[in-house]
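Chain A is fixed; fit chains B, C and D onto it per the hints.
For reference, the chains in residue letters:
There are 4 protein chains.
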Amino acid sequence: MVVVMKPEATPVETAAVINRAEAVGVATHPIYGKEHTVIALVGDLTKIDRDVFSAMAGVQKTVRIQEPYKLAARSTHANRTTIDVNGVIIGGSDVVVMAGPCSVESREQVLETAWAVKEAGATILRGGAFKPRTSPYSFQGMGEAGLKILAEAREQTGLPVITEVMTVETVDMVCEYADILQIGARNMQNYGLLHAVGKARKPVMLKRGISGEIKELLMCAEYILSGGNAQVMLCERGIRTYETSTRNTFDLNAVPVLHRMSHLPVVADPSHGTGDWELVGPMSKAAVAAGADALILEVHPNPEQAESDGAQSLKPENFAELMGQLRLIASAVGRSIATSPEPAPANGRAQDVMLV
Amino acid sequence: MVVVMKPEATPVETAAVINRAEAVGVATHPIYGKEHTVIALVGDLTKIDRDVFSAMAGVQKTVRIQEPYKLAARSTHANRTTIDVNGVIIGGSDVVVMAGPCSVESREQVLETAWAVKEAGATILRGGAFKPRTSPYSFQGMGEAGLKILAEAREQTGLPVITEVMTVETVDMVCEYADILQIGARNMQNYGLLHAVGKARKPVMLKRGISGEIKELLMCAEYILSGGNAQVMLCERGIRTYETSTRNTFDLNAVPVLHRMSHLPVVADPSHGTGDWELVGPMSKAAVAAGADALILEVHPNPEQAESDGAQSLKPENFAELMGQLRLIASAVGRSIATSPEPAPANGRAQDVMLV
Amino acid sequence: MVVVMKPEATPVETAAVINRAEAVGVATHPIYGKEHTVIALVGDLTKIDRDVFSAMAGVQKTVRIQEPYKLAARSTHANRTTIDVNGVIIGGSDVVVMAGPCSVESREQVLETAWAVKEAGATILRGGAFKPRTSPYSFQGMGEAGLKILAEAREQTGLPVITEVMTVETVDMVCEYADILQIGARNMQNYGLLHAVGKARKPVMLKRGISGEIKELLMCAEYILSGGNAQVMLCERGIRTYETSTRNTFDLNAVPVLHRMSHLPVVADPSHGTGDWELVGPMSKAAVAAGADALILEVHPNPEQAESDGAQSLKPENFAELMGQLRLIASAVGRSIATSPEPAPANGRAQDVMLV
Amino acid sequence: MVVVMKPEATPVETAAVINRAEAVGVATHPIYGKEHTVIALVGDLTKIDRDVFSAMAGVQKTVRIQEPYKLAARSTHANRTTIDVNGVIIGGSDVVVMAGPCSVESREQVLETAWAVKEAGATILRGGAFKPRTSPYSFQGMGEAGLKILAEAREQTGLPVITEVMTVETVDMVCEYADILQIGARNMQNYGLLHAVGKARKPVMLKRGISGEIKELLMCAEYILSGGNAQVMLCERGIRTYETSTRNTFDLNAVPVLHRMSHLPVVADPSHGTGDWELVGPMSKAAVAAGADALILEVHPNPEQAESDGAQSLKPENFAELMGQLRLIASAVGRSIATSPEPAPANGRAQDVMLV
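Chains as they are written, first to last, in my numbering: chain A, 2 to 357; chain B, 2 to 357; chain C, 2 to 357; chain D, 2 to 357.
Chain A with its partners taken away, still in its complex shape (with noise of 0.2 Å):
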């Protein structure tokens, strides 16, 4: 750290910077410029609080050096995480697609859309139980119900499930039936939630808040990862800012960003990114050539009728469509799509779910 003195600061304000920083066992290195006195602090600065050196007498601002996150930093970590999910691996060399419905509303139409994803060649199912919903006179989600109907869905299909985990006393349930706990953008800093998943042993979706910092998203997967779980992948799911022709700022610039500060492996989510269905087929495949490892697309067999978030959901059609585009742009920047490690059960796609 780097604690900047005000041109006006007394000698004595400058000495106590320093022997605060001393007593705790830091090197300090002062530096007077013409203007401003600098001091520069080397040691293990996790002891003291960075605020408690802006309250003091005379100083005028600090600047951090090194990041306040460790396990997360690429720096590190010799090597690139990766995630085995039943056997498909997250921050490999394929590109792994997740895909389903915003919400688990009814078990035909998750097995439905389950086969049509896989049909389509995505390897992980989507869908949410849970719904955090702005308003609350809006469907809140099938709770344990919804839970159960994605584990039947991977039953027939083999694909293994990514759903939403909204409280601590919900984890082990959850635990129960996901294969992929997801942390969402609203929860990014739910410390409680966090260190409840950091004791978990799933692996964990962390989504970007969408006023989160990327050093924030970060030091959230820091909370993970010191509670002992390193099966973290970060997800960018959009930002908040003054545009408006988007729901949100979808950031894609995140996804080089991570790779270069964390070895976590990263996942883009364009639907929520955008808000918008006619846009995840042009980010998605942007998504792919910027290196994104992952990503996590809503497809509803009618999106029309759905409970939720219709407006951004693809149709079957078009997400089969869309998958064939993704393989081109994965073989152009030297990646292939993920393919299921074993096939489908032999039994196929049920008669019941025919009928939808």
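I should point out that these hints are in silico values taken from the structure, not numbers from a laboratory. Hints are supplied without guarantee of correctness; some may be wrong.
Note: identical chains are not told apart, hence a pair may lie in one copy or across any two.
Unchecked claim - In silico lysine-lysine, DSBU-like type, Cα no more than 35 Å apart, as pairs:
{"hint": "1", "residue 1": "Lys35", "residue 2": "Lys316"}
{"hint": "2", "residue 1": "Lys216", "residue 2": "Lys35"}
{"hint": "3", "residue 1": "Lys149", "residue 2": "Lys7"}
{"hint": "4", "residue 1": "Lys316", "residue 2": "Lys203"}
{"hint": "5", "residue 1": "Lys35", "residue 2": "Lys200"}
{"hint": "6", "residue 1": "Lys71", "residue 2": "Lys203"}
What follows is chains B, C and D alone, placed relative to chain A:
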């Protein structure tokens, strides 16, 4: 709601929108413009998600006419809500000042601060026992031990206590000790928590998230109100913008905007809003001038030693000076700074506290 | 400046940075931390662009210690700047109120408004003859004819005139008629124009761009100051954020921040800042409470007929009422609202104006 | 347009709105909801400012249905616009790459770079002779001498030249030397300049301002188009958000959004968009995948010596490598990277340039 069709929308697509709306008992008024057909929907739209129409073929956009919150809206309440906290009235003609440390760090620190802010004229004591911290390596708060210290400070000084509740499972515990439950900015959209405090029988101060829109803040208040708790106050505490010369952009405009949109009392938090104690004075005065019903301010006997937020904490002497200035501003807008409904307990400031 | 090397930077790369700095006579102080080497640069850095170091191999980032503006900085001026506009002092102990219509639309409209705001206590008349309009199909201003009307209004009422100059080639013309040159928000970084008004012998009010950082505003002031014009005042008029319930986010924090960073007077423009006349009252009071040296307010005799910005214009009667409230707030912060240095010309409000 | 009345609006206020609209020949369709009356306006609204209604008593808000630009709108043009720049087609099936230094610094630097980017496959040369710089103390560009160097580079290499024009008075001079006029981000809303290039007979590349909304960008294009110049291309170059890990937030979503809203070609500028050469590669590939019609990239033979923007400039060897990757991506989306319409002049790369 108004549904705007694309210029190229077909009559069949327009008819589908009309049928969808009428199927749930909503009346439709199509208007045929030169380029666009526009369909006005009149009736109870709570039965159908706005997204349903956005997802329909031929629809360009939907425009909400009526805000989706009702209980929080000013139009549905003839009178402004006032909240009585042990005799201190928030939302009435007087401006209430809440003050105290960011975090509860020790019994001595809290008692010292409580007496200091009381003597300067504050009528509610603030202090955090559970702290949401960006870094997993930072001080996380004293928990229940901290709540007990706050309760002791209330007993000694007579000041009601406001403190943050962060998780559903600690709502009951916090209710035992606190007089006002604070929902922090990071939890503005933690719907499980909003639901839980909606069931509590304590006033709630709901903070705007750093990327929370004003209408989202009102929707979150609606969650609490619709749960049965009518004692909700709204708090502006700074939003995230591109400007970095202040920690956040304290959006004082929210004060008159919220007063126009809602009947709920509005609290301003210039300490978090600006993140800089030198700005707390001018922005506190501005907040009272703009019509805030209450201020919540961080005061610490020794900001340089604070476990958190030292840079934004006032020293007791600065706070006392500010209180004098606030009385003048309050008077200039035809209000007063609220005074304690009852004198402090006869025994006064305890001897052991004086020594700190 | 501080140059932070990457953890993996080689000694050769570090040496290259040191050599590059020393080549332009800047002293270097390398500090070898556990993970990073940091090089503090001391000396005259104006000879070398910060980007030069950012582009060098092995460099992670550069951190500026000293702000790149000097003439605008408070640290280099013992006293606050005051600006005398025909006897009206801006930046002194009194708060100046400038008022008038957004656009000059007709002689009658301007004279009517000028008399009205003068009678209510304004001491400077505002009005735009050149209008930057988002649409090429909107009213673009009256041009020189409008300037002549403003000059006539000054003659009649004695109020000095502030008006916007939009292009280099009209600077001389506007100087002929105006007492203060306004640089609008869209032109904050129009360097050619800043250079031109830097050569003018008239006071300049520089508005912050809607995405202007406070330090950028000061850099733009530096352009004018370094051109030889020391009579610069800074104006906050709202920034662009994600919040849409106000047209802009009026960033009142800029007032105390600018006072801390600069010696130049600070003007607040709540009319453009909020874009909503109902918010102008509370935010004007807040601006005076926060320490603004002047307000600039839009007043129109008939906002519903205004060619531009009707929604944010006060009616004369609302303006007069607000002036009374502002006097109370100014007094509460130890200031007064400035009064005219001399009485209005004896002939008073012209007959033909009364008829409008 | 739709005018939404306040719940408490009186019949007289509603009638006033209706009368105001009908007075300019606009048809009105009032709809009486349970809480709000809503008035749909149908007809030519260019005769009346939207603000007129916002300012009327009883009006809560106005909602625009039809966008206020016509010439730039996709709905009014059956075919996409293509622009022919000396045989290089922008907006057609091929993706055009423009490349060159940020600033013209010397004849050698420009010629060296021009040959290098041509050899790697670029078909248009970029370079700035007039530089808008944040600091008055920074390098401000070579002016006309720089334009002459660019013209010489065109002669030698056959590459058409794009360069920025910053002021009305230099439009003619820049037209003499340049093949495409660039309007920089800071001048997006410099209406005088837009008007001037609207009269020019050269293609214009209009950059989105760092706080420009997409619909504002289209309104600015409308200024140029309505002036008579139909050869306009739009350029995304990064917007200002709260995220600081990139210099700007390169908003790639703008590419498909602009293609949906407009018939004009779309250019992506990942160099300014990200401000970081390491991100230029991934984001260039992403831009082509998202459908950009052209890229504009900064290349400098020695970024560490660049007068400006060194941190975001590619070295020629990195650029050449990237061009290979871009060809693969273009092919994956069914396009090619444009090649030069004619071979380079027979004499080839001049001897003196080889020596640099």
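The hints, checked one at a time:
1. Lys35 / Lys316: between (65 Å within a copy, 31 Å between copies)
2. Lys216 / Lys35: Both, since 33 Å and 21 Å are each at most 35 Å.
3. Lys149 / Lys7: neither (61 Å within a copy, 40 Å between copies)
4. Lys316 / Lys203: within (30 Å within a copy, 44 Å between copies)
5. Lys35 / Lys200: between (52 Å within a copy, 31 Å between copies)
6. Lys71 / Lys203: within (21 Å within a copy, 41 Å between copies)
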